[in-house]
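Colleague: Residue strings, one per chain:
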Amino acid sequence: MKNNLFEKNIQSKLEGMEIPPSDGLFEKTMRKRALGHQKSLMPFYFKSIAVVLLIGAAVFAAWYTSDVDSINNVELSDNQMPAEPNVLANQESKNEKLVSEMPNSKSSTDLPIIKNKISAKQTVLSKPQKDLIVSKPLNNEKVIVEKPANNNNSNKEDNGEGIFQRYFNAASPNKPSILKESHQGNSHLYVFHSIDESMVDAVFINNIKVSRIKKLRLDYPVSSYSQVDNNTDFVRNAKTSKPIFIDVFGIGVVSKGMPYQGDLASIMKQGSEQTYSNGFGFRLIMPLKDRWSVFSGLNVLTQNSKYKFAIDQTTQEKEVRLVTRYINDPILGIVPFQAWDTVDVSKTNSQNHDLRNKYTLIQLPIGLSYQTAFKKISLGFNLSTVLNLTSQSQIMYLDDSKVVLKNSNTKSLSMSHAFGIQLGYDLNSKWKVFAEPSLQFLTVNGKKVGGNVNERFINKQLSIGLRYSLF
Amino acid sequence: MSIEDLIEGCKKEDRVCQRELYNMFAGKMMAVCIRYAKDRMEAEDILQDGFIKLFDNVSSFKNEGSFEGWIKRIFVNTALNKIRMNKREFRDIDDVALNLPFDDQLIEKMSENDILEIIRSMPEGYKYVFNLYAIEGFSHKEIADSLGIEEASSRSQYSKAKKYLQQKIISLEKVNL
Chain A
1 MKNNLFEKNI QSKLEGMEIP PSDGLFEKTM RKRALGHQKS LMPFYFKSIA
51 VVLLIGAAVF AAWYTSDVDS INNVELSDNQ MPAEPNVLAN QESKNEKLVS
101 EMPNSKSSTD LPIIKNKISA KQTVLSKPQK DLIVSKPLNN EKVIVEKPAN
151 NNNSNKEDNG EGIFQRYFNA ASPNKPSILK ESHQGNSHLY VFHSIDESMV
201 DAVFINNIKV SRIKKLRLDY PVSSYSQVDN NTDFVRNAKT SKPIFIDVFG
251 IGVVSKGMPY QGDLASIMKQ GSEQTYSNGF GFRLIMPLKD RWSVFSGLNV
301 LTQNSKYKFA IDQTTQEKEV RLVTRYINDP ILGIVPFQAW DTVDVSKTNS
351 QNHDLRNKYT LIQLPIGLSY QTAFKKISLG FNLSTVLNLT SQSQIMYLDD
401 SKVVLKNSNT KSLSMSHAFG IQLGYDLNSK WKVFAEPSLQ FLTVNGKKVG
451 GNVNERFINK QLSIGLRYSL F
Chain B
1 MSIEDLIEGC KKEDRVCQRE LYNMFAGKMM AVCIRYAKDR MEAEDILQDG
51 FIKLFDNVSS FKNEGSFEGW IKRIFVNTAL NKIRMNKREF RDIDDVALNL
101 PFDDQLIEKM SENDILEIIR SMPEGYKYVF NLYAIEGFSH KEIADSLGIE
151 EASSRSQYSK AKKYLQQKII SLEKVNL
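Chains A and B, in that order, are what the protein sequence lines are. Sequential numbering of the first sequence, starting at 1, is according to the numbering used here. Sequential numbering of the second sequence, starting at 1, is according to the numbering used here.
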């Protein structure tokens with residue numbers, strides 16, 4: 001069918017047909033293309049942030065579900081359970097708070113009833129049982145014990161020491177201390193402080209293995225004993241010593257310059273291309289309260305930018321053309337002759353330019369961090385304001401259509417803001433490896449150091465480094 | 001500058017070469033786009049998107065076959081994408097065209113603009129199949145895949161479209177007489 005005359009005729013009619021598009025469509029097309037490239041870069045970066053968030057969410061989900069399971073998994077057989085009233089087993093959802101709120105008094109009357117506070121996760125064990133211990137060493141050091149009293153009148157006798165004697169080796173030099181206790185009805189909650197994780201793991205109550213509560217912890221160990229109370233034989237007043245963290249890291253940066261302020265800003269913006277930059281840095285992190293920390297440090301960053309663009313120059317020229325004209329001669333009829341004619345022609349020349357700028361920045365970040373951890377994985381959110389000192393610049397600028405390369409030592413200051421999500425893994429108690437994708441909104445005063453424009457960047461950064469915990 | 005030089009320049013993102021290539025093909029490709037678009041504005045949209053695809057993918061052209069054929073395919077595919085995006089679904093048309101005798105010489109007498117206008121005025125169900133089969137040289141299988149229709153449907157629609165076009169040409173010829 002394709003060889004039919006009809007199709008052939010249609011094809012030949014339309015084959016060479018041209019319809020000129022509107023003026024300026026090429027420039028519009030190139031602008032649209034540049035915009036499209038900018039947009040297509042964003043998803044890659046946000047995907048990496050999404051992965052980190054997903055891992056964070058998985059850590060949280062693991063913590064949240066294991067919290068309940070740790071109690072639910074304690075299965076008691078009938079022969080393991082002496083006849084006792086039902087027990088309400090409670091867990092403290094924020095056990096590090098218990099550490100900081102450790103009471104000095106051992107008297108149960110001074111203590112707040114913490115049932116409401118600890119009711120975030122609870123399981124009612126329907127079978128009668130004697131004792132239930134739920135333990136959680138916070139970095140080897142804390143155990144929560146809950147038990148019902150044998151009878152309503154024996155609260156004082158069956159205090160922390162009694163439990164301690166029954167469940168732990170009282171002669172051990174590493175025996176736990178009571179951090180907190182609370183009594184309500186037949187239920188008593190004792191929070192012990194233990195220095196020996198193996199002892200906690202080895203505890204069996206009526207042949208039931210004590211299970212740990214898995215919870216998000218502080219990003220540093222809660223440590224050390226301050227004094228021993230000889231009267232009670234328990235270690236009291238446990239303190240948390242806060243470490244200082246030292247981060248050392250390398251930085252990889254992907255960014256595109258966004259020129260502003262300058263005659264060429266709009267045309268350069270269209271031709272902005274993606275560049276890769278790198279740097280390194282260190283920072284000190286000081287825990288404040290709970291999971292909050294402040295940090296500051298120093299980064300050295302080489303910030304690159306690249307612009308490929310064309311400048312159209314229109315010139316008016318005169319062109320001499322050969323033109324055929326006709327004379328209507330009464331004798332010879334129409335006689336053609338050729339004449340030279342001058343016409344004005346405007347010519348547009350495009351000149352390609354490829355400008356590359358390089359700034360060496362010394363950055364002083366000051367920020368706030370929220371950090372938490374689960375097992376060996378830690379997750380942190382860092383927000384900072386950064387003071388930037390442009391110490392050296394290598395600028396390419398346009399001077400009357402000529403590209404001039406300039407090295408400058410002119411110093412300039414600017415501010416930027418950064419947000420990062422840090423994912424860390426504990427190598428041991430002192431060292432941790434971490435990766436931190438972050439976004440930094442950066443401004444560089446390019447005009448001050450001799451460039452055509454000032455530049456803004458949205459740096460998509462990835463820092464990879466090591467954290468050392470200094471106690 | 002030869003077409004090979006322009007292609008090499010475009011691969012290096014040379015703006016001058018990109019402009020030259022645009023100047024060389026914009027008019028021809030606009031004529032392709034306008035056959036699929038509902039109006040000139042949409043045709044220019046397709047033209048822009050087509051050139052963006054062209055500049056993004058010019059490095060994948062391996063100098064095998066005609067470059068013009070390659071870029072024409074890009075623009076046709078861009079036009080078909082636009083049709084899908086705008087949800088202008090292909091609709092089968094059941095109008096029965098009259099079986100009038102057609103003189104092929106009539107086409108030669110007509111201007112290219114008249115033919116283009118007749119094609120553009122065709123119902124969409126006819127227009128896409130006719131453009132793809134008679135002008136771009138797609139097979140009915142390719143048309144069926146591109147438009148998401150049955151191959152048999154493409155055949156029958158083409159047959160009807162051809163009769164529709166012939167009818168229009170005959171009636172236009174009568175008016176001119």
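Derived by calculation from the structure, the hints in this document are not laboratory data. Bear in mind the structure is a predicted one, so any value in this text is a computation, not a measurement. A couple of the hints might just be wrong.
Claimed, not checked - Derived pair list, reagent style EDC-like, types lysine to aspartate or glutamate, alpha-carbon separation capped at 16 Å: (1) A:Lys-8 <-> B:Asp-39; (2) A:Lys-447 <-> A:Asp-426; (3) A:Lys-32 <-> B:Asp-56; (4) A:Lys-28 <-> B:Glu-108; (5) B:Lys-12 <-> A:Asp-354; (6) A:Lys-13 <-> B:Glu-112; (7) B:Lys-12 <-> A:Glu-317.
Colleague: Hints the structure violates: just list their numbers, smallest first.
Modeller: Checked against the structure, the hints that fail are numbers 1, 2, 4 and 7, while the rest are satisfied.
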